[in-house]
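Peer 1: Chains as they are written, first to last, in this note's numbering: chain A, 55 to 272; chain B, 61 to 857.
Please note that the accuracy of each hint is not assured.
[Claimed, not checked] As a list, the in silico SDA-like pairs of lysine to any residue whose alpha-carbon atoms are at most 20 Å apart: (1) A:K241 x A:Y189; (2) A:K166 x B:T62; (3) A:K60 x A:S123; (4) B:K74 x A:G154.
[Said to hold, decoys possible] Quick look at which bits of chain A chain B covers, simulated, 3 or more residues with Cβ under 8 Å: (5) 129 to 135; (6) 138 to 149; (7) 242 to 254.
Just so you know, the hints here were simulated from the structure itself, not pulled from any lab data.
Here the structure is a predicted model, which is why all the values come from computation and not from measurement.
C-beta: ideal position from N, C-alpha, C; glycine also.
Take a look at the letters that make up each chain.
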Amino acid sequence: MRLDVKDVVKRFPGVEAPVLNGISLSMDAGEVVALTGESGSGKSTLLHVIAGLEPADGGDVTLGETALSGMDDAGRAAFRRTELGIVFQQFNLIPSLTVGKNLGFQAELAGKPTGKNDISSMAQALGIIDQMAKYPEELSGGQQQRVAIGRALMHGPKLVLADEPTGNLDEATSDAVFDLLLGETAKTGASLLIVTHSEKLASRAGRRLHLSRGQIET
Amino acid sequence: MTPAMLTALLSHWKRRPFQFLTLIHGLALATALWSGVQAINAEARKSYDEAADTLTGGGLPNLVARNGLIAHETYIALRRSGWLVSPVVDGWIAGERGRVRLLGIDPFTAPSDSTIGTTIGPDSIGDTMGSEGAVLVNPATANRLGALNRTVREVATLTPGLALADLTVASDLMDQQGYNRLIVLPDQPLVQPDLEDIAPDLRTEQADTAEDLSRLTDSFHLNLTAFGLLSFAVGLFIVNGAVGLAFEQRRPVFRTLRALGASSRRIVALLIVELLSFAILAGAIGIVLGYLIASLLLPDVAATLRGLYGASVEGTLTLSPVWWLSGLAIATLGTGLASLNGLIQVARMPPLAPAKPRAWAMVNAGTMRGQLILAVVFLFAALAALAIGGGLVGGFVLLGGFLMACALALPAILAGILLYLSRFGRGPLSAWFWADTRQQLPGLSLALMALLLALAANIGVGTMVSSFRDTFTGWLDQRLVSDLYVSVETEEESSLLQDYLAERGLDVLPIWETEGDVRGAPAEIYGVVDHPVYESSWPLLSRSPDVWERLHDGEGALINEQLARREGLSPGDELELPGGWSTQVLGVYSDYGNPLGQVVIALPLLVGTYPDADKGDFGVLTDDPQRLRQELVAELGIPDEQMTDQAALKAFSMQVFERTFAVTGALNILTLSVAGLAILIALLTLSAMRLPQLAPVWALGVTRRKLAQLEFVRALLLAALTFVLALPVGIGLAWVLLTVINVEAFGWRLPMSLFPRDWIWLGLASLAAAGLASLWPSRQLAKRPPADLIRVFAHER
């Protein structure tokens, strides 16, 4: 499904210059795009605006036929629930649910409950099949991020947004997790927008965009 | 979506069963203490209503004599002239375990739809009527009555503390000629002569016994309710702490749920459902516990009410649906109050709120200033209540405002003290300890506030009870001047006794009395003989010159403190007395434990003005009361149970006194236990969140054992500081209780005495409670695997 970001502006109170200053970008279905930039350049903010986590002050975000502008909080929540998969740098798993429950969690929220077999297949693919009964705090960082990737993909999202998905991991683990993210996302046919500081990882995306001072540099 | 969200929210409690138990426990305890007190109050009020219904014939008006009893001839005259009235003999008989109210009625004319009519229905009228008829009593009252020279039949539905009999049986038992009152039946002929024409010495009196009784006992029930509320408030501190902590711990979950597409409205709705379920569960447990508490306390309450007010509450607890529902409602209301702030925060939380929970210690730091402002508001409300007055309710506003102000100001005051103490710290570890203790304050503040309230209540109520005990004991020593107290039943026995004692050269102090309305309220009127013992022993609070000479000359009366305060009377004022005469107030004496107004006049004046006064009781001054007692049994045939010596009377009075405060004592201990639990819970929950603060100190070279010791010392230090601050609060509370609440509730003012030895014990108890509460978390910390601490640095928690 095609993503169109058009003239998006985002300001924060007390900051004179807009963080996002008329950003426009497009992504085709199944495309993998890496978004790079200095710290404070607005990468994460752009991701949040696309996810509907923060409303834009101007411009619009459209996924397929669905435009975010004009949606209220509940509408944006429903959009995230059904259309998106999000992978955070801090994993953001539910600490009181087991790995198995965490994997199927967003699918249940989206009203697409998954069977045990689906969850096991995903866990198998992610290499965490032995960890299903454990709680997040009992896993290493790399394992937690694998769970987060699985959770983001289980419900078949149209677009996966990954915010520094390997920022908390060592290089070897980082590579392995990135491989999984690319591979598993490709299987679902979803588009993938990755925010990263890593030149090495960015180079593996189909396209790279660089954000600087609130604008995309080509 | 909803089931998945519910699973995520509820899984928090599954992973933290102790926290769940804490919440349920706190709420259940709060509900239990509140609903237990309500159950007792409801049971007592039900008994008053039943008693009133029985005594007044179902709330019907009564005809009573302006002076003395109603003659049988007057009753006949009224019936013949068309007045449909039913005679009643109403008085007291001595039972084996206290007095029992005896009601003699005419089964044929008694109103059929009243309690009397339904108790003596067509089935039992046969064995009740006539001079050989049975005396009907409630099974509990039968036990109190003991052996009676009559057939006693138990009727479970009859009001406790009351015996019902045929008119002739009751008259016999009380040796009384004439009726106390005539019930005016509801269906009267359309035309009947005026009461003034037939019986000019009678007047109509509306049924207000229940009102009288509840007016007398209202202050006692209000005291109980206030204690119930205090305990409920202390319990709510626990709930607030547990809910607040759970909300804070789940901040990342709320954030993740929002990020994954759950709306804040739905999260809040599910949290409300979750809390409502907890409230109903804990409320139900609390109601069961409340029932147990009420059934344990009811015998003491019943003894208090009987001893202080002559009110009978002997029934087993019968719980109405209203009580159940109000218990659940108060649990729900309490949960709502405790959770409101958390729910508002969740509703307002943006999806990108900080993912990590803020350190629990910092959660309420910003609210300390707000609490201090609120404390000032409460203090002004209390001062306004003190300045304006406003009776008993005003007294409780003063009490509540003062306590809340002190509790709310506690964290800020403790922070100031800790800041001051930190100046004396030497070395880095000491500096860290003081700084860290201040940082822990907001997290512990709710538990410490609960502890302050419980300790202050303990000190205040303890001071009040001990002051009361001291004063009461001294007063009893003064007031009980006779060595032996004798009751006789007939005038013949009375003459025999007086002659016998006169022959032996013993001084006799008749205790003759009558009852009547003084300024619209029931009062007792006693007569005293001219004897120097009164002058030397009676505790007069204020007096006219030559008070005793003038009293014995019949020139005036002494009144008790209750009557003086209620009517604003002082020596020199005129006082109207029953029988249409008035006299001057000569002095005011203290009369603790008596809810009624009391007037003392010269004995000849009493006998002359009130010929029907009860003349059966005497006090005797003797060196050997036991011997005299045996002689009176042997030579005059006076039954031994009609005599009491001074020591037994004092012991009985002290027993009544101790039972009176047994209930407050029990509630005091329960409240303190709840506060101890609050500390334990706060320490345990904090200890689980302390790792990020402790790990760096550990990494810098302080052993886990040392850290655990410091945690233990910290708990003791905070408990000790709270105790020291609770002392002035408790003394202030005692002052309010003794000089405001007691005067409003009971009509007497007590001097305040301080009992530092009790405080030392209480202080040690609070230190022990805090020490025990911190022992477990400290031990956990000492044994914590290093891996847990290392993980803090790996950012993997």
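Peer 1: Give a verdict on every hint.
Peer 2: Status of each hint after checking the structure:
1. A:K241 x A:Y189: violated (27 Å)
2. A:K166 x B:T62: Given pair K166 of chain A, T62 of chain B holds - Cα atoms ~13 Å apart, limit 20 Å.
3. A:K60 x A:S123: Cα-Cα ~11 Å, so holds.
4. B:K74 x A:G154: holds (16 Å)
5. 129 to 135: Per the Cβ count (5), the hint holds.
6. 138 to 149: holds (count 8)
7. 242 to 254: Violated: only 0 residues of the stretch 242 to 254 of chain A have a Cβ under 8 Å from chain B.
Checked against the numbered hints given earlier, this structure breaks hints 1, 7; the rest are met.
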